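A.B. asks: For the sequence shown, my numbering gives the first residue as 1, with consecutive numbering after it.
Misleading hints may appear alongside valid ones.
Cross-link-like lysine-lysine pairs, in silico, DSS-like; alpha carbons within 25 angstroms at most [as the list claims (entries may be wrong)]:
#	residue 1	residue 2
1	Lys28	Lys13
2	Lys136	Lys28
3	Lys5	Lys87
For the record, the hints were derived by calculation from the structure and aren't laboratory data. Since the model is a prediction, treat every value here as computed from it, not as a measurement.
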Amino acid sequence: MKLYKFSPIKNKKELIEAIKHTHFECYKLCKQSFGYYLPNAGNIGIFCHYEEEYEKLIKIRKEITESSENFNQKYFKFYNPIVVPAKNDVPQTTYTYLYIRKPDPYRSQVGDVDFYLELDEYKKLKTTMQAGKNIKGARLFDRKDLDMIELYDPDVDTLGYVSTHKMSQMVRTKLSDATKL
1 MKLYKFSPIK NKKELIEAIK HTHFECYKLC KQSFGYYLPN AGNIGIFCHY
51 EEEYEKLIKI RKEITESSEN FNQKYFKFYN PIVVPAKNDV PQTTYTYLYI
101 RKPDPYRSQV GDVDFYLELD EYKKLKTTMQ AGKNIKGARL FDRKDLDMIE
151 LYDPDVDTLG YVSTHKMSQM VRTKLSDATK L
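Sequences and hints are given; from them, build the entire structure.
C.D. replies: Now the structure itself:
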């Protein structure tokens, strides 16, 4: 029995399929929580579940993204952005940055996508959640170094994150001090 839907990803074609799957599932999470789609920050992460898979995907990533001199780099800019065409009510989306996550025994998901709100809207949402408002499938992200709201559903194999546009850009070069991933 195969535990993970896509892992181990072995080539670029399978990576693109995982990206498309992550895209549509994260949009599903967003709509479940808010009733509409938030703007997409252009970041997409794919989670590895095997060390060999991680090594293979880093090689593929180096072929399709720009290199960086920043040792803290987390997301890498695509040479040619990945465009996922609109389907049903999910809008066409262009991904400009890719993150390949190291294997983590606590993350069985395929990947994640970043959405954003304007600063005032984000502050209002976060304040209402801190005051106890329950939004189905949304929770305050429990990391002190990142100000984000996590979108989740036990029946969906991806995660979404909501933050400000500035934070969604900052995470591109922010490796986690907490997880070292």
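A.B. asks: All hints, please: hold or fail.
C.D. replies: Evaluated hints:
1. Restraint check: the Cα-Cα separation between lysine 28 and lysine 13 comes to about 23 angstroms, which is no more than 25 angstroms; the hinted pair holds.
2. Among the hinted pairs, lysine 136 with lysine 28 is consistent with the structure: their alpha-carbon atoms are about 12 angstroms apart, no more than 25 angstroms.
3. A threshold of 25 angstroms between alpha carbons decides the hint, and for lysine 5 with lysine 87 the separation of about 21 angstroms falls inside it, so the pair holds.
The structure is consistent with each of the numbered hints, conforming to all of them.
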